[in-house]
Amino acid sequence: MKFLSRITGLSRSFDKHSIGLLLVLMGIWLHLTSLRVLALLISILSKAKLRRNLQAELLSKNVLHSQSANAKASRKQPPFYSLDADLPLALAISSGLQHALAMLAGLITPPIIFASSLNLDSTTSAYMISASLIGCGILSLVQISRTPLFYGYYLGTGLISVVGTSFATLSTASAIFDAMYQDGTCTSTVGSDGTAVRNACPDAYGKVLGTSLICSFLEMLLAFIPPRVLKRIFPPLVTGTVVLLIGASLIGSSGVPNWGGGSNNCQTAPTGIYALCPTTLAPKPLPWGSPEFIGLGFLSFISIVLTEMFGSPFLKNISIIVGLAVGCIVAGATGYIDGSSISNAPPITFLWVHTFKIGVYPPAILPMLAVYVSLAMEAIGDITASAECSRVDVRGIEFDSRVQGGVLSDGIGGFLSALFTVTPLSIFAQNNGVIAMTRCANRSAGRWCCAFLILFGVLGKISGVFLAIPNPVIGGVTTFLFASVVVSGIRVLALMQFTRRDRFVLAAAMSFGIGDLLVPKIFTELFNGVNNPNSGLQGLFNSITIILSTPFLAAGIVAVIMNLVLPQEKDAEEEKESDVESSIGERKEELFLRPQFFTLYFTAGQCLKLRLICFIFLSLQEI
Numbered sequence: 001m002k003f004l005s006r007i008t009g010l011s012r013s014f015d016k017h018s019i020g021l022l023l024v025l026m027g028i029w030l031h032l033t034s035l036r037v038l039a040l041l042i043s044i045l046s047k048a049k050l051r052r053n054l055q056a057e058l059l060s061k062n063v064l065h066s067q068s069a070n071a072k073a074s075r076k077q078p079p080f081y082s083l084d085a086d087l088p089l090a091l092a093i094s095s096g097l098q099h100a101l102a103m104l105a106g107l108i109t110p111p112i113i114f115a116s117s118l119n120l121d122s123t124t125s126a127y128m129i130s131a132s133l134i135g136c137g138i139l140s141l142v143q144i145s146r147t148p149l150f151y152g153y154y155l156g157t158g159l160i161s162v163v164g165t166s167f168a169t170l171s172t173a174s175a176i177f178d179a180m181y182q183d184g185t186c187t188s189t190v191g192s193d194g195t196a197v198r199n200a201c202p203d204a205y206g207k208v209l210g211t212s213l214i215c216s217f218l219e220m221l222l223a224f225i226p227p228r229v230l231k232r233i234f235p236p237l238v239t240g241t242v243v244l245l246i247g248a249s250l251i252g253s254s255g256v257p258n259w260g261g262g263s264n265n266c267q268t269a270p271t272g273i274y275a276l277c278p279t280t281l282a283p284k285p286l287p288w289g290s291p292e293f294i295g296l297g298f299l300s301f302i303s304i305v306l307t308e309m310f311g312s313p314f315l316k317n318i319s320i321i322v323g324l325a326v327g328c329i330v331a332g333a334t335g336y337i338d339g340s341s342i343s344n345a346p347p348i349t350f351l352w353v354h355t356f357k358i359g360v361y362p363p364a365i366l367p368m369l370a371v372y373v374s375l376a377m378e379a380i381g382d383i384t385a386s387a388e389c390s391r392v393d394v395r396g397i398e399f400d401s402r403v404q405g406g407v408l409s410d411g412i413g414g415f416l417s418a419l420f421t422v423t424p425l426s427i428f429a430q431n432n433g434v435i436a437m438t439r440c441a442n443r444s445a446g447r448w449c450c451a452f453l454i455l456f457g458v459l460g461k462i463s464g465v466f467l468a469i470p471n472p473v474i475g476g477v478t479t480f481l482f483a484s485v486v487v488s489g490i491r492v493l494a495l496m497q498f499t500r501r502d503r504f505v506l507a508a509a510m511s512f513g514i515g516d517l518l519v520p521k522i523f524t525e526l527f528n529g530v531n532n533p534n535s536g537l538q539g540l541f542n543s544i545t546i547i548l549s550t551p552f553l554a555a556g557i558v559a560v561i562m563n564l565v566l567p568q569e570k571d572a573e574e575e576k577e578s579d580v581e582s583s584i585g586e587r588k589e590e591l592f593l594r595p596q597f598f599t600l601y602f603t604a605g606q607c608l609k610l611r612l613i614c615f616i617f618l619s620l621q622e623i
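Residues 1 to 623 in this note's numbering are what the sequence shown spells out, letter by letter.
Everything labelled a hint here was simulated from the structure, so no lab data went into it. Keep in mind the model is a prediction, meaning the values are calculated, not measured. Heads up, the beta-carbon is just placed ideally off N, CA and C, and yes, glycines get one too. Hints may be right or wrong, so weigh each one.
BS3-like cross-link-like pairs, simulated, lysine-lysine; straight-line CA separation at most 30 Å [to be verified]: (1) Lys-461 <-> Lys-316; (2) Lys-461 <-> Lys-284; (3) Lys-461 <-> Lys-357.
Quick list of simulated restraints, FRET-style, between CB atoms [what the hints assert, rightly or not]: (4) Ile-544 <-> Leu-455: 35 to 45 Å; (5) Gln-568 <-> Arg-491: 16 to 26 Å; (6) Arg-501 <-> Thr-280: 49 to 59 Å; (7) Gly-311 <-> Arg-491: 17 to 27 Å; (8) Thr-334 <-> Gln-568: 31 to 41 Å; (9) Ala-196 <-> Tyr-151: 48 to 58 Å; (10) Met-496 <-> Thr-268: 35 to 45 Å; (11) Leu-221 <-> Asp-121: 30 to 40 Å; (12) Leu-221 <-> Thr-499: 25 to 35 Å; (13) Tyr-151 <-> Ile-544: 34 to 44 Å.
My request is simple: use the sequences and hints to build the entire structure.
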């Protein structure tokens with residue numbers, strides 16, 4: 001009413017021409033309003049027609065799918081064995097063996113790399129492989145058992161959550177070993193050409209074990225924090241970045257160098273025993289990067305690819321073992337395998353046959369704490385995947401208790417593994433593929449897997465066989481293995497709905513992570529300008545240097561800080577809707593003036609009139 005009174009008052013103050021012009025403008029305004037309503041109706045009708053078309057298409061696909069299913073009725077899928085189903089003994093043993101073989105390559109790789117980094121002898125190296133297999137078998141039993149504790153807390157997941165030596169520890173330990181050789185904890189021999197050759201340093205491994213033992217209490221405490229809080233602090237944006245850079249750093253520090261002949265001092269071609277790779281004492285020593293080494297590693301690599309292309313489901317799950325086997329067969333036939341490690345290995349061995357002097361390396365405390373945080377985040381993701389494959393709830397109180405029990409078991413496993421002379425362990429994700437392939441999530445299969453791992457570790461000659469594998473074969477296989485870790489990190493990031501804020505956080509984290517990866521020594525001279533620091537301050541400097549020199553630790557810390565500091569933006573769905581609206585606004589002429597837009601609902605004469613009206617409407621809007 002107020003609007004009409006204002007119009008009436010204005011009409012008295014104008015002459016007839018002004019009143020006529022005003023009426024024309026009001027008519028245009030009413031006409032434009034009606035056009036907007038008409039456009040809205042057309043949009044609703046077009047969406048309804050599109051919905052009907054999609055429903056018809058889905059119906060036709062369902063019909064075709066049902067027809068193909070009827071055609072393949074003769075190929076009936078095997079039954080799915082749940083956690084507590086009655087499982088035949090033969091099936092339990094075969095499924096357990098498949099689980100053990102699927103994780104075997106991941107278990108033997110870290111101790112081999114540790115021994116190579118510290119130049120340990122073959123007897124010690126073989127023991128480290130055996131200890132890794134036995135320790136992983138024992139601690140996997142703890143994860144699978146799901147023991148009730150107090151106040152509703154548990155120990156273990158109750159799923160087939162087998163554990164193995166963590167690759168995160170492998171990447172961090174490499175930086176810790178470098179720091180030990182630089183500060184004199186481990187000694188080096190300088191050759192006549194000025195090249196420093198590392199001496200054997202088993203005490204360095206003992207210090208890593210002792211440091212990981214005291215740091216394991218952090219993960220035990222994290223187990224009692226609600227999973228939703230942990231996911232808020234460490235979202236997929238952080239965990240995906242960390243996993244990606246773990247794999248990438250391992251490719252550069254271990255995978256490709258071993259492919260070329262060795263990751264030890266032979267890369268720089270010094271004089272003495274490391275003038276050739278792997279050493280001058282090898283059956284066929286060659287310079288690093290020789291075509292023979294590259295070809296041997298490529299043969300192992302391509303064997304994995306061919307197994308994935310043409311192999312059975314069982315072979316696909318053990319493609320890494322197939323690559324190792326093919327490479328070893330060719331290497332043995334051409335004389336590249338040294339059998340002394342097999343002959344020197346004892347027939348039977350067990351934990352504590354060889355021990356290491358347990359100690360604490362103060363500069364490694366902060367990096368190892370960060371490693372345990374990443375292990376907790378990795379455990380949450382792997383437990384979720386295991387629960388999905390096992391067809392149990394992935395939400396609710398029971399699932400939260402599985403996550404709590406799994407993280408707690410991981411932390412206690414880190415404590416016990418150090419006593420077992422094994423570096424910290426984490427839940428292995430590749431066994432989820434075995435569950436999906438065998439359709440067997442029964443815990444009996446997991447227990448048989450643990451039994452096979454312990455058996456492989458007790459038989460010392462098996463460790464000697466693994467140790468005899470030539471470096472190029474190890475390099476070709478582990479490069480693929482570490483690249484799969486990179487892909488896992490990319491997948492975690494790819495499942496996110498990126499906002500501008502997420503892209504900014506990821507860019508900031510990758511600046512440090514990729515920078516460290518490409519220029520590893522950028523932070524090694526950071527505190528050289530500090531004169532005469534005391535031992536405590538020097539330890540802090542070394543700790544910061546190790547963190548900044550480890551790509552996934554530096555990137556992970558930056559990602560956590562940026563994620564907590566930067567304010568949240570509007571959610572991805574609102575941003576998506578605004579993008580759609582803006583794109584429609586930019587293309588409104590194209591939408592309204594296309595003939596097929598109107599011919600769906602109107603006659604030819606009506607279409608012509610509507611197009612003319614829309615053209616006038618758009619022209620007036622531009623004026």
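We went through each hint and held it up to the structure:
| no. | hint | in the structure |
| --- | --- | --- |
| 1 | Lys-461 <-> Lys-316 | holds (26 Å) |
| 2 | Lys-461 <-> Lys-284 | holds (23 Å) |
| 3 | Lys-461 <-> Lys-357 | holds (25 Å) |
| 4 | Ile-544 <-> Leu-455: 35 to 45 Å | holds (44 Å) |
| 5 | Gln-568 <-> Arg-491: 16 to 26 Å | holds (24 Å) |
| 6 | Arg-501 <-> Thr-280: 49 to 59 Å | holds (56 Å) |
| 7 | Gly-311 <-> Arg-491: 17 to 27 Å | holds (23 Å) |
| 8 | Thr-334 <-> Gln-568: 31 to 41 Å | violated (59 Å) |
| 9 | Ala-196 <-> Tyr-151: 48 to 58 Å | holds (55 Å) |
| 10 | Met-496 <-> Thr-268: 35 to 45 Å | holds (41 Å) |
| 11 | Leu-221 <-> Asp-121: 30 to 40 Å | holds (38 Å) |
| 12 | Leu-221 <-> Thr-499: 25 to 35 Å | holds (32 Å) |
| 13 | Tyr-151 <-> Ile-544: 34 to 44 Å | holds (39 Å) |
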